[in-house]
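Construct the entire structure; sequences and hints are all you get.
Going line by line, the protein sequences match chains S and X.
Residue 607 is where the first sequence starts when you use my numbering, and the numbers rise one by one after that.
Residue 24 is where the second sequence starts when you use my numbering, and the numbers rise one by one after that.
Treat the hints as calculated values from the structure; they're not laboratory data.
Only a predicted model underlies this, so the values are computations on that prediction, with no experimental measurement involved.
Errors might be hidden in some of the hints.
Said to hold, decoys possible - Covered stretches of chain S, as calculated for chain X (at least 3 residues, CB under 8 Å):
| hint | region |
| --- | --- |
| 1 | 684 to 696 |
| 2 | 836 to 846 |
| 3 | 860 to 869 |
C-beta atoms are modelled at their ideal positions from N, C-alpha and C, and glycine is treated no differently.
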Amino acid sequence: MRKRKMSVWRSAAAICALLLTAAGCGSGNDDDKGGHAPDKLGKGEGKVNIIAWAGYAEDGSNDPKVDWVHPFEKKTGCQVNTKTAGTSDEMVSLMKTGQYDTVSASGDATLRLIASGDAAPVNTKLVPNYKDIFPALKQQPFNSKDGRMYGIPHGRGANLLMYRTDKVTSAPDSWRAVFDDAARYDGHVTAYDSPIYIADAALYLMSAKPSLGIKNPYALDQKQLDAAVALLKKQHQAVGEYWSDYQKEITAFKGGDSVIGTTWQVIANLTKAEKAPVKAVLPKEGATGWSDTWMVSAKAEHPNCAYKWLDWIVSPKVNAQVAEYFGEAPSNRKACAETAAPDHCAIFHAADEKYFQRVHFWTTPIKQCLDGRKDTDCTDYAQWTRAWTEVKG
Amino acid sequence: MPAAPTPGSRLRLTALLAPPLLWLTLAYLGSLAILLLSAFWTTDSFTSDVVHTWNTDNFHELLTTPVYRTIALRTLSIAVAVTVVDALLALPMAFFMARVAGRRWRRPLLVAVLTPLWAGYLVKAYAWRVMLGENGVVGAALAPFGLHGPGYGTTAVVIVLAYLWLPYMILPVYAALERLPERMLEASADLGAGAWRTLRSVVLPVVRPAVLAGSVFTFSLSLGDYLTVQIVGGKTQLLGNVIASQVTLDLPMAAALSAVPVVLIVCYLAAVRRAGALDSL
Chain S
607 MRKRKMSVWR SAAAICALLL TAAGCGSGND DDKGGHAPDK LGKGEGKVNI IAWAGYAEDG
667 SNDPKVDWVH PFEKKTGCQV NTKTAGTSDE MVSLMKTGQY DTVSASGDAT LRLIASGDAA
727 PVNTKLVPNY KDIFPALKQQ PFNSKDGRMY GIPHGRGANL LMYRTDKVTS APDSWRAVFD
787 DAARYDGHVT AYDSPIYIAD AALYLMSAKP SLGIKNPYAL DQKQLDAAVA LLKKQHQAVG
847 EYWSDYQKEI TAFKGGDSVI GTTWQVIANL TKAEKAPVKA VLPKEGATGW SDTWMVSAKA
907 EHPNCAYKWL DWIVSPKVNA QVAEYFGEAP SNRKACAETA APDHCAIFHA ADEKYFQRVH
967 FWTTPIKQCL DGRKDTDCTD YAQWTRAWTE VKG
Chain X
24 MPAAPTPGSR LRLTALLAPP LLWLTLAYLG SLAILLLSAF WTTDSFTSDV VHTWNTDNFH
84 ELLTTPVYRT IALRTLSIAV AVTVVDALLA LPMAFFMARV AGRRWRRPLL VAVLTPLWAG
144 YLVKAYAWRV MLGENGVVGA ALAPFGLHGP GYGTTAVVIV LAYLWLPYMI LPVYAALERL
204 PERMLEASAD LGAGAWRTLR SVVLPVVRPA VLAGSVFTFS LSLGDYLTVQ IVGGKTQLLG
264 NVIASQVTLD LPMAAALSAV PVVLIVCYLA AVRRAGALDS L
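Below you can see the structure in the form of structure tokens.
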């Protein structure tokens, strides 16, 4: 009996020792934040590790005709390893591992990566195709800091309002349809399943309740966040399901489980291709949207191949291919001449800055108000995450 | 009486048992301990970097925020409902397989019960998504009776989880019923008991530990599930979803949330152990 007791104590001691080691290892802090942009490029390292949204690094395995990875490998000798991420949060945590060289980050991930020092500044001179990027995408608050670019713009798009034309008879032109009027489609409303969707409610409140004084849907003080949460809770009663996997939204609209809700252009196109009677519009209030940036990791083991990838992915032809496959506006103005569908850039408003002025690109809410207010604290993304859990109940 | 072990055999036994025990301690208990330890850390709200400062904020938030209580209760009730549905389905099915069907049929029936386990989890869940949808077969089958399908929601989650975990309940119950000696049923009949009395006084006491053993599987698997609810749960969120959404963003909070199902399962195992079910596992 005594002996058994001893061995229990011994294994407890072993566990404690292990934990102390783990805690010790974890607290090592890196002081060198962000690293430095290279002045010139060397020879390719033969390999590059990429984190991408689905559809951004296609190697023909999904559709043999859709392949811009193999030509890149052939041209540069850099073997591509792709890790597909489903959300911005996943991208941020993957970048923290330091095992990846480059990432296609949206605006709600870029700033976090810059602040944590996981992304390095990019020397745009080493990316020849950078000169053809639409000027409106350069030096934006979500991809630069202190006048230095932290990546190469990839493409952009708006979150649209999609509805089934057979179930929603009066064509909606306002987000009111999914907020104040949501009860009309009880149980068939859908919404994007991420804390960042709170900005959609805030955007609607900008015009529906001007007394709240919201100037930027990503800069909400506590009172404004509470108002957005109250609106989302009301919407929740009419929601059938939330989506973050785009295949799920396609089947929901096709089957009629969802009849109205937020969407991406690519989803609208694919749903139409499935013969579902849907239409997607940009409501009069404008919309939230995304603008993606290829960033280089501060700990990149293959920086030369990463830069070659950056230049490749925004080169006119490839940028056109990606933009068409994913359904977004390309970032390279020369890409518009390369698309298979001649009117692609027109459909996605690639050069239409008026259109994109009505699009509030995803960005990470922080304590310091993004709209310039100094007299109050804004709510940060952690608070948004908690609020989102509460909305869903 | 066994002979006292010689020093040599003791050494061999130690060498034989050391690797699995080391694995159990380090990989299994160690990872669990690190998980719980990280629940006492916090994250930088902007960069999501873990800050190694010891505090109990996460548990405080967990216990004081009403929404977490609601979600924990919902998860618990779904796990209980799945377990009850599985027990009610498994008892007659296992009884038929073990006692009614001829010997020739037993093996094919057993295989039939097991086949769903061979298909991928996601395939099955997505199949149910199609069936339970607005124009799915479930709705079509109920329409002639003027009824509607359950649609996506908690009912759908219970149905699909009960379907997914049913084999784990049938197998122990079937094994228990198969071991039930025929003469006990005959003796019960000879003593004048009807079918109900036999079921209540002879069969149920014998299969009770098996049902409880099966319920350990159905209960704990349901408690941890987060994929089925994403596919057929509509807007329902369970503990697993909250953990999954926090894990990339706020690892310490996710760790604190993970403690909830761990505590629930430990309590359940303790309750089941008192009922003597773990003896037959």
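Hint by hint, here is what the structure shows:
1. 684 to 696: holds (count 3)
2. 836 to 846: That given contact holds, which follows from 3 residues of the region 836 to 846 of chain S lying within Cβ reach (below 8 Å) of chain X.
3. 860 to 869: holds (count 3)
Checked against the numbered hints given earlier, the structure satisfies every one of them.
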